[in-house]
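Q: Fit chain B to the given chain A structure using the hints.
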Amino acid sequence: MQFLIISLPFIMTAFIMGFESLFPTTNFQFSRRLRVVWPILTLAVMVLLIWQPSATGENGSFEFSALSKLFLTLLFSLTGLALLSADTMGFLNTGRFSPVTLAVCGIVQAALYITNPFLVTLCFVAASFFSIVAIVDLAGAREERFVKSVRSAVRYLIASVLFGLMLFIALIFLERLRLDPQQVGLIKVVVAMLAVGFALRLGIFPFNLWLPEMLEEVPGLAGFLVVGLINAAATVFLIDFLQKNPALLFDNYEEAKIIMMLGLAGAVLAGILALGQNGLGKMVAYTVSSDYGLILFGLASPHTVGKNGALFEVANLALLQLLIFTCLGLVYYCNQGISLQGLSGLGQRMPVAAVGLAVGFLGMGGVPLLSGFTGKYLIIQSAAQEGLWWALAAGSAIAICVVAYLRYFHSLFMGNATPGLKTRPEPRAAMALILVLVGIVILIGLWPAPALDWMNSALKGTF
Amino acid sequence: MDLLSLNQNNYVFFVGLLLVSSVVLAVYKDWVLLAPALVVQFLTVAVIANELNETTVRVMLGVIPLAVFLKGVSGIVAGIIFYLTGYALVVERRSHLAQEEAEKSERRGLRYFFRQQEEAEVYRFRYVDYVLPIGAVIIASGTTYALATLVPFSGNILGDFAFYWLGCIGTAIMVVGRDILKLGIGLLVALNGVDLLYALLRNGDSPLVLGASATATILLALLISYLALLFYAKMKTLNLSEGLQRKRRSEA
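Residue numbers (the numbering used here), protein chains in the order written: chain A, 1 to 463; chain B, 1001 to 1252.
If you are wondering where the hints come from, they were derived from the structure by calculation, not from laboratory data. No residue lacks a Cβ here, since even glycine has one placed at the ideal position from N, Cα and C. Certain hints may be false.
Stated by the list, open to error - Pulled a few chain A residues facing chain B out of the computed Cβ check, cut under 8 Å: (1) V36; (2) I40; (3) L41; (4) A126; (5) I158; (6) F168.
Stated by the list, open to error - Selected chain B positions facing chain A (in silico; Cβ < 10 Å): (7) V1131; (8) I1134; (9) T1144; (10) G1184; (11) A1190; (12) L1191; (13) G1193; (14) L1200; (15) L1208; (16) V1209; (17) T1215; (18) A1216; (19) L1223; (20) L1227; (21) F1231.
Excised from the complex, chain A in its bound form (with noise of 0.2 Å):
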């Protein structure tokens, strides 16, 4: 079962890119068809599995946590939303994103599944490789976007080498510290290496220098691959790690703090630097690098409703960041591959990437009955506990990055249409997909109970 679990992936990726050199999709309609037929068909095997009570090894060398079951469920799934939305917009056309998606899905499962640190900290880097074919699959871009695009991978490429090396090596001494445990001072190292291999994997300011570039440049799903799914996968192996750990930082204020003023003031710069940002994409990033400060300080904090928060805006992050994802990719569908700068007035030619875009964004701001708002309520609740300046720190962190969203909004969707832009039109299934996608977010928005329970509990271990 074991095998299966971790095999079935990779074979289906060799699978589809066999099948797909054997039936050409330029030849083969059904080949079209079928390149985004099975990897969704190979995820939803790989969620049934997961829940197989069976998954579990006998020697514990692999186990999949109540957490991990959860949110890969969670991921697969918006994964399998985004492979569909790319194929409406043609990102599939090269043939290399749905393998590599499937293959990063792979890893990401690996690295939940694997009890083994070492292993799991090189699955995450494996995971990172393997998104930089689909971060530079830019077939027909222009020279310097095709420029800007490597750069950013290689940047990206770098961080998640670092990454991985700081895990390493923190994992490394931490293995000393068992054998040894009178060294308390290398609780010191070990959780200022995690500190900053995570700040460089989830894109934390300052460590965040590979970010903006890419998702301004980069095809817009395949950032999802990195912010929405490997980074939230990170995430996850990052709270299983400190529960078996707590010694670090759930058990340790004096860590503890640091970790949650480092978080916050990453929070606050990363929203004021968004605001001065000249691009759509560098503004997300900005704001996500900000997102994932706040979720950072919800998880060092001592408070359980900071954890709870952080965990759902973990959850909240990955599926507001493929509705905004995909509403990007579709404009730039739309607008035939044209850069974003200078454009306004889409909201009339594009109303339904406007409605998903208006509320990805409302969401990520955490406005009241959409998705986003539980989480970042319950981590500003997590902060007011802490005292007063803490809680208005968050507090303005998220308040910075709403002006933000506003502002990039109104200039691109708002106001007279640029003269003489020619766009297509929206592509119903696109449309579909981008008005499923909202009323998830404002159902969960509506009634979040049920999944903040869902979080609790596996938090707990209980699930």
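A: Below, chain B without anything else, positioned relative to chain A:
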């Protein structure tokens, strides 16, 4: 001379190899030198890491420890990948000579601009190109000395020195490197340092971790090669930033 373990006879030889290969990787930009230097460094680190690992029961592959075998094989494969990438780039450059002539007549386009730049860089020796990397090597040496003497953590001077050296020199290569292959080599050197740390501080061989680490090394080399070829095929250069900035300046 026994080449699988360190002793008094070959100690200087291996340490010298580690230093020389690192300096070559940091200073030179010719792939004909870089690929063999990378292989030499991997093999040297494999032997040093094997010596530093104090585990009594080692996982063996015949007479060779598994750790040395995997490290050596991953290094050789990475070296071959880099060598083939460099060779492919030369072939690519030659095959585009005719196209280049046609583009010269137009005197415009980013690709033409990049190519002009690269020609100037490839065919002209500029000592300035070596000043920055040599400076970086000197700084890395100083940092390594300072760290190994001020923050020794393993109780083994060679272990401390080799780990800090690889970390510092890998970082230096990434900082001064301007093209994709150099950045990739910097990453691989830093990765070598962590492998060494793993051997130095961890008790017991884990074949799975060693295998996964070797796989990650090969995957990284493949990815760097893929990015380099993809970038070169479109832009006719490996330089990521300078060409674009100069082009913008000239347009402004």
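Q: Look at each hint and say if it fits the structure.
A: Verification of the supplied hints:
1. V36: Status violated, d = 24 Å.
2. I40: Status violated, d = 26 Å.
3. L41: 27 Å, violated
4. A126: 6 Å, holds
5. I158: 6 Å, holds
6. F168: 5 Å, holds
7. V1131: Status violated, d = 24 Å.
8. I1134: 22 Å, violated
9. T1144: 16 Å, violated
10. G1184: Holds, because the Cβ-Cβ distance from G1184 of chain B to chain A comes to roughly 8 Å (cut-off 10 Å).
11. A1190: Where the cut-off is 10 Å and the nearest Cβ of chain A is about 6 Å from A1190 of chain B, the hint holds.
12. L1191: With a minimum Cβ separation of about 7 Å from chain A (threshold 10 Å), the hint on L1191 of chain B holds.
13. G1193: 8 Å, holds
14. L1200: 8 Å, holds
15. L1208: Where the cut-off is 10 Å and the nearest Cβ of chain A is about 6 Å from L1208 of chain B, the hint holds.
16. V1209: 5 Å, holds
17. T1215: Hint holds; T1215 of chain B Cβ to chain A Cβ min 8 Å, cut 10 Å.
18. A1216: It holds, given that the least Cβ distance between A1216 of chain B and chain A is near 5 Å, below 10 Å.
19. L1223: 5 Å, holds
20. L1227: 6 Å, holds
21. F1231: Holds, because the Cβ-Cβ distance from F1231 of chain B to chain A comes to roughly 5 Å (cut-off 10 Å).
In summary, the numbered hints that this structure violates are 1, 2, 3, 7, 8 and 9.
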